[in-house]
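Novice: Chains E and H, in that order, give the protein sequences.
My numbering applies: residue 1 is where the first sequence begins, and numbers increase by one.
My numbering applies: residue 421 is where the second sequence begins, and numbers increase by one.
Honestly, the hints are just simulated from the structure, not real lab data.
Keep in mind that this is a model prediction, so the values were computed, not measured.
Treat the hints loosely; a few may be bogus.
Claimed, not checked - What follows is a list of derived Cβ distance ranges for each label pair: (1) A491/H to P121/E: 52 to 58 Å; (2) G518/H to P174/E: 28 to 34 Å; (3) K325/E to A491/H: 25 to 31 Å; (4) K513/H to S289/E: 46 to 52 Å; (5) M485/H to P121/E: 22 to 28 Å; (6) H345/E to Y450/H: 18 to 24 Å; (7) G518/H to P121/E: 30 to 36 Å; (8) M515/H to D347/E: 50 to 56 Å; (9) Y450/H to D66/E: 18 to 24 Å; (10) V463/H to S289/E: 39 to 45 Å.
Just so you know, even glycine gets a beta-carbon here, dropped at the ideal spot from N, CA and C.
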Amino acid sequence: MNIQTAAPDVAAEIASIPIEEIDVARPSLFQNDTIGLFFDRLRAEEPVHYCRESYVGPYWSITKFDDIMAVDTNHKVFSSEAKLGGIAIQDMHSVEGALELEMFIAMDPPKHDQQRKAVTPAVAPSNLQLLEPVIRKRAGEILDELPVGEDFDWVDKVAIELTTMTLATLFDFPWEERRKLTRWSDVATAAPETGIVESYEARREELIGCAMYFKALWDERINQEPKNDLISMMAHSPATRDMPFLEFLGNLMLLIVGGNDTTRNSISGGVLALNQNPDEYAKLNEDPSLIGKMVPEIIRWQTPLTHMRRTALEDWEIGGKQIKKGDKVVMWYLSGNRDESAIEHADRFIIDRKNPRHHLSFGYGIHRCMGNRLAELQLRIIWEEIHKRFSRVEVTGQPERLFSNLVRGITRMPVRLHAR
Amino acid sequence: MINVTFVSSDGERRQVQIEEGETAREAALYNDVPGIDGDCGGVCACATCHVQVDPEWIDKVGRLMSDGMEADLLQFAEGTTEYSRLACQIPMKPMLDGLVLHVPEQQY
């Protein structure tokens with residue numbers, strides 16, 4: 001099946017929009033997957049671009065790889081602080097009654113540094129390798145139950161299921177209730193307009209339920225011998241065991257949110273990319289040892305988080321443009337990951353790239369994704385288990401995409417499996 | 421050409437050569453030294469080229485400056501010591517000929 005992106009007349013229409021009127025914050029552009037054409041124009045015509053009016057207010061777009069790197073590594077000028085608006089194009093704390101958990105991703109040094117240092121050992125690959133056999137076995141069981149030769153939705157049956165399974169394994173979360181983790185992650189990042197929750201009140205209530213559930217797990221683990229799961233590690237580690245409960249909860253939610261739709265959409269995005277590039281799929285089938293290089297390429301190609309946002313703490317010039325103190329600055333990782341001046345053949349999905357980890361999907365600097373090697377480990381295991389069983393995961397219909405300018409998500413994707 | 425020896429966490433030694441002006445990160449990457457990834461491209465932004473300078477060489481290389489991006493990044497790396505540096509921040513010059521760098525067990 002031919003998986004279309006933008007029709008030619010749509011491309012012509014986008015090419016004719018005056019540059020100053022371009023607003024890449026519109027979630028519909030991500031849902032209909034025309035966003036790449038807008039970023040192509042910004043990179044070529046005005047790589048540091050100011051949008052005066054949008055539903056999230058005025059903002060700067062940074063679209064080139066090197067400029068993004070410069071902002072991301074300059075945390076003294078470009079703040080992540082939640083009270084200034086935080087890390088996404090839509091301000092945090094902007095809605096009355098929205099329960100915001102304190103997470104160090106939305107803090108500046110020194111508080112960021114203390115909290116991150118305390119939690120980092122929990123996701124160190126050396127610890128997580130101990131969980132690899134369990135993740136592999138459970139992934140195999142999920143894949144073995146799938147129907148071969150008939151159409152089904154890959155997102156619901158595989159991507160969500162595998163991600164939930166790995167999260168439940170990492171936290172040693174009660175197995176039968178594991179979809180609670182997925183739900184809480186969705187709720188924690190949800191605004192009512194996404195349809196995931198009905199109101200901010202409803203969201204608040206669900207998150208309080210989540211807090212009580214984790215309090216019970218914490219109490220259980222702290223009274224047991226130390227184990228390899230993340231909750232037990234945080235309950236016993238000297239750096240985290242005396243953490244106030246709300247801080248613990250914030251950090252825990254950050255680990256769950258950070259590992260939920262990012263992994264889910266990388267799993268689906270990889271399947272889609274291989275179907276759109278059959279020569280690459282053939283390469284993979286010929287040499288499965290390429291999975292190690294393919295995984296970072298999938299993460300670049302999908303860019304599961306389209307951007308991170310900062311707030312300027314002082315006037316600063318970038319790309320010849322004058323950014324003013326207090327301005328909202330958006331680093332579009334999705335655009336930087338397609339920047340030909342930094343990545344050779346950036347517009348092509350190539351599973352055996354020379355430097356596949358040279359991409360922006362994890363960010364750079366002090367806020368660089370803490371779980372980056374964990375993400376790769378999970379995806380590698382999952383792809384190795386898929387490869388053992390199926391010669392092809394065939395996409396049989398148009399994928400549907402998420403209405404979001406932050407999470408680059410695939411919500412539904414019909415597939416058919418071909419047994420090996 | 422300047423000689424650099426990388427010692428892996430299990431003690432395996434690997435001597436490579438690099439031109440003056442390149443960094444210790446390039447010395448590792450051009451020669452596929454395992455354990456040095458250098459994701460960011462050598463601009464002090466990711467801490468995936470963490471090495472421990474052999475104590476005999478630390479004065480010639482220079483110790484980590486206590487403030488600055490390199491220290492900001494290394495504080496989150498696993499297994500750092502007083503000899504830890506980022507290889508991308510060690511430019512190679514003739515006085516470093518024979519340099520010995522230890523690669524930590526984990527890079528992240």
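Novice: It remains to establish, for every hint, whether it holds in the given structure.
Specialist: To see whether the hints hold, each was checked on the structure:
1. Between A491/H and P121/E the beta carbons are some 19 Å apart, a value that contradicts the proposed interval 52 to 58 Å.
2. Checked against the hint of 28 to 34 Å, the C-beta distance between G518/H and P174/E comes to roughly 57 Å, which is inconsistent with it.
3. In this structure, K325/E and A491/H meet the distance hint of 25 to 31 Å, their C-beta atoms being roughly 26 Å apart.
4. Taken as a hint, the range 46 to 52 Å is violated for the pair K513/H and S289/E, whose Cβ atoms sit roughly 38 Å apart.
5. Hint check: M485/H to P121/E, Cβ distance near 25 Å, so the stated range 22 to 28 Å holds.
6. At about 21 Å, the beta-carbon gap between H345/E and Y450/H stays in the expected band of 18 to 24 Å.
7. Checked against the given bound of 30 to 36 Å, the beta carbons of G518/H and P121/E, roughly 35 Å apart, stay inside it.
8. For M515/H and D347/E, the hinted distance range of 50 to 56 Å is not satisfied, since their beta carbons lie about 44 Å from each other.
9. Separated by about 22 Å at the C-beta atoms, Y450/H and D66/E satisfy the suggested range of 18 to 24 Å.
10. Checked against the hint of 39 to 45 Å, the pair V463/H and S289/E fails, with Cβ atoms roughly 30 Å apart.
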